[in-house]
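Produce the entire structure from the sequences given, and follow the hints as far as they go.
FYI, the numbering used here numbers position 120 of the sequence shown as 354, with every residue one higher than the one before it.
Note that these hints are calculated values from the structure, not bench results.
Keep in mind the model is a prediction, meaning the values are calculated, not measured.
Hints should not be assumed to be uniformly reliable.
[As the list claims (entries may be wrong)] 25 Å max Cα-Cα, derived DMTMM-like pairs, lysine to aspartate or glutamate:
no., residue 1, residue 2
1, K406, E436
2, K472, E461
3, K331, D302
4, K472, D358
5, K331, E261
6, K442, E463
7, K306, E333
8, K306, E322
9, K331, D358
10, K453, E469
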Amino acid sequence: MLHPTALIAPTARLASDVQVGPYAVIEGHVTLGPGCVVGPFVHLSGHTTLGARNRIHAGAVIGDTPQDLKYKGEPTRLVIGDDNVIREHATIHCSTKEETATTIGSHCFIMGNAHIGHDVQVRDHAILCNGIAIAGFAVIGERAFLSANSLVHQFCRVGPLALLQGGAAVSKDVPPFCIATGINSICGLNTIGLRRGGYSAEQRAELKRLYHLLFLSGKLRRDALAEAEALATGEPAKLLREFVATSKRGVCAHSAGQHGEE
235 MLHPTALIAP
245 TARLASDVQV
255 GPYAVIEGHV
265 TLGPGCVVGP
275 FVHLSGHTTL
285 GARNRIHAGA
295 VIGDTPQDLK
305 YKGEPTRLVI
315 GDDNVIREHA
325 TIHCSTKEET
335 ATTIGSHCFI
345 MGNAHIGHDV
355 QVRDHAILCN
365 GIAIAGFAVI
375 GERAFLSANS
385 LVHQFCRVGP
395 LALLQGGAAV
405 SKDVPPFCIA
415 TGINSICGLN
425 TIGLRRGGYS
435 AEQRAELKRL
445 YHLLFLSGKL
455 RRDALAEAEA
465 LATGEPAKLL
475 REFVATSKRG
485 VCAHSAGQHG
495 EE
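Have a look at this one:
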């Protein structure tokens with residue numbers, strides 16, 4: 235159903251069962267897949283593609299131009315997968331170059347007033363809580379959880395199943411499975427997330443040993459990584475080691491003053 239007050243450009247492509255609420259605006263080259271629901275006062279624009287069964291709540295602004303002074307009006311893109319929930323007044327911007335895209339995976343929950351900047355990549359099943367802000371080119375891993383009002387600097391990586399506590403701010407990479415707290419600090423493993431995610435006791439124990447080696451042993455990072463090559467035998471531990479080894483911005487350090495589960 236398309237509400238009579240909605241404004242829909244002739245260049246937009248909507249599946250036959252898409253629902254569009256009052257005063258929504260769909261302009262540019264927007265594509266909406268089957269089962270999508272667009273709430274009142276939503277603004278969709280640009281070269282924006284949404285897959286199936288996405289629900290967009292009131293006042294969200296999706297596909298607007300990037301907040302980047304180098305952007306010169308090129309037809310850049312935003313690609314969103316399936317089964318996402320995007321709540322009130324969230325903003326998601328297109329990329330800065332034609333050959334790239336801002337991407338949101340599938341089954342993500344993006345809460346009210348969240349901001350996802352240009353060229354960001356958000357993987358599947360991420361949960362982004364109220365008021366979070368993710369700057370350009372950042373990468374948010376699968377099943378990552380960003381608590382309310384947390385901030386991610388441009389070009390940062392947040393690893394799979396990492397958790398940012400409320401108000402955390404990071405300008406360095408957050409390793410997979412870790413809890414970020416304060417500013418550029420981690421305070422242990424996301425053990426609850428690991429259990430809920432189906433990771434075995436053996437995998438969790440190996441991650442705990444690796445965490446202690448990389449962040450608590452006092453060894454130089456290169457020496458700890460060399461030692462970790464033999465220690466990390468399971469896939470989760472290998473992922474953690476590889477993430478730390480390939481970081482270009484450096485990774486958040488353990489903060490002894492914070493309470494977490496190592």
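Hint check:
1. K406 / E436: Distance of about 29 Å is beyond 25 Å: violated.
2. K472 / E461: holds (12 Å)
3. K331 / D302: The hint holds at about 11 Å.
4. K472 / D358: holds (20 Å)
5. K331 / E261: holds (20 Å)
6. K442 / E463: holds (15 Å)
7. K306 / E333: Answer holds: K306 to E333 is near 14 Å, not above 25 Å.
8. K306 / E322: Outside the cut-off at roughly 29 Å; violated.
9. K331 / D358: holds (23 Å)
10. K453 / E469: holds (23 Å)
Comparing the model with each numbered hint stated earlier shows that hints 1 and 8 do not hold.
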